[in-house]
Amino acid sequence: MRKNEFFLVYALLLAAQCVICNYFYLTPYVSLSLLPVMVLCLPIRISSALAMVIAFATGLAVDALSEGLLGLNALALVPVALARDGILSLLFGRELFARKEDFTVHKNGLGPVTLAIILSQALFLAVYIWADGAGMRPFWFNFARWAASLAAGTALSLIVVPALAPDTRK
Amino acid sequence: MPKSRLFPRILTAAVFIILEMAALHILGKNAQLQRLWIARGAHGFMGAVWGGTQRIKDYFSLRRTNEGLALENTRLMEENARMKELLDARELDTMGLSLKRQRGFRYLNAEVIKLSRNKQHNYLILSKGFEDGVSEKSGIITREGVIGIVDAVSAHYSYAFSFQNKDISISARLGEEGGTGLLVWDGQSSRGAILKEIPLQYKYHRGDTVYTSGHSLMFPPDVPLGVAGESKIINGATNEIQVTLFQDFTAIRYVTVVHNTAFDELEELEP
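Taken in order, these protein sequences are the chains called A and B. Counting in my numbering, the first sequence runs from 1 upward without gaps. Counting in my numbering, the second sequence runs from 171 upward without gaps.
In isolation and in its complexed conformation, chain A is listed as follows:
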């Protein structure tokens, strides 16, 4: 996918995330987020440092445009950008970086892609829920929220991942 196309999809998903934050309040146990998969799918050519800056700006934009706490998404999303290279290397190998080739579900398989999404979601939600609770909520509540949000977020991310990482083979 060309860079411009990717960032157009990225901007649309950012808008979708703002809509989710403002209008899709299901239960206190579920926080739906597309942000981890969006950061995970950033082009492989983008360095970790730049990916973190993009993640920070994305998180801040969502916080500013929705009714959440300003800084919360940014705080949780930057670690995902930091861990992105590690997650991709672990699941898809270093050759992905050597060839500077973005991953796709078709090329790399649904299993590894799902696992990558789960890892990024898990990290994002751990920081998000921990900071949102500010040490005031009991562990079992935070854990239940983390588990339910992880399941829901992973399912939603699997729906949008083909748009972010489409198969380019003719």
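Calculated directly from the structure, the hints in this document are not laboratory data. Where hints are given, some of them may not hold.
[Claimed, not checked] With beta-carbon atoms standing in for the labels, derived distance ranges: (1) B:A212 <-> A:A147: 24 to 34 Å; (2) B:F230 <-> A:W130: 34 to 44 Å; (3) A:A126 <-> B:E242: 51 to 61 Å; (4) B:A212 <-> A:A126: 14 to 24 Å; (5) B:D228 <-> A:W130: 31 to 41 Å.
[What the hints assert, rightly or not] A few chain A residues facing chain B, derived, Cβ under 10 Å: (6) S47; (7) A49; (8) M52; (9) F56; (10) G59; (11) L70; (12) G71; (13) L72; (14) A74; (15) L77; (16) P79; (17) A81; (18) E95; (19) A134.
Note that the Cβ used here is the ideal one computed from N, Cα and C, for glycine as well.
Mind docking chain B on chain A? Use the hints.
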């Protein structure tokens, strides 16, 4: 790690820290609960950092602390000895005797800079010499016992025979009022000694404390040395008692040098 890979890693770490700090700052500014939470975390972190640096500082100042304690220990020993002498003199006065005790000890703290422990004739070297006030034939003690006897002094160092030396024996007393004998190193263990020539008429119990007798010209009386253990009768005339020393010779660092101010005068009297 190659230089070319190190720089991007440092940059990544720096960007991560800056962005996370910025996010925490923004979060703290906009939410009361999170502000308190961040402040609590920051205080905890600062407490741990300051506590850690304080512990490191304390560790590096241990030497100074130990030197201060050694000095204080020497001062207290000297004061204790002076008080004992005053009490003894007072006791003699009440008995109607006009005898005055002339004997007194001078105390000086020193650091052990070399100590041999694996020979039959062990020695130690102290960090002070005659310019610091150390004289030959001075005793070396700690609050846990006798360490040795100064044999030779240079301007800044002293050479001494360790108590763990087969040629050294010191006059020791069993219990508060018990018999007096010679205490020597057993030649085998770090804390083992033998108290010899205790007359049979003196009764003792295992666990009784052994002290310096005060009959020696080099050591003040009543320095605790160890505890009595098993005994055996030698030639049907005297007891020989195993003693476990208080002093652990593997952990000696600071000692007190004691010098009898009347040593030369008293030695001249001896045949």
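Status of the hints after comparison with the structure:
no. : hint                          : verdict
1   : B:A212 <-> A:A147: 24 to 34 Å : holds (29 Å)
2   : B:F230 <-> A:W130: 34 to 44 Å : holds (37 Å)
3   : A:A126 <-> B:E242: 51 to 61 Å : holds (54 Å)
4   : B:A212 <-> A:A126: 14 to 24 Å : holds (20 Å)
5   : B:D228 <-> A:W130: 31 to 41 Å : holds (34 Å)
6   : S47                           : holds (7 Å)
7   : A49                           : holds (4 Å)
8   : M52                           : holds (5 Å)
9   : F56                           : holds (5 Å)
10  : G59                           : holds (7 Å)
11  : L70                           : holds (4 Å)
12  : G71                           : holds (3 Å)
13  : L72                           : holds (6 Å)
14  : A74                           : holds (4 Å)
15  : L77                           : holds (9 Å)
16  : P79                           : holds (8 Å)
17  : A81                           : holds (8 Å)
18  : E95                           : violated (18 Å)
19  : A134                          : holds (4 Å)
Hint 18 from the earlier list is the only one contradicted by this structure; the remaining hints agree with it.
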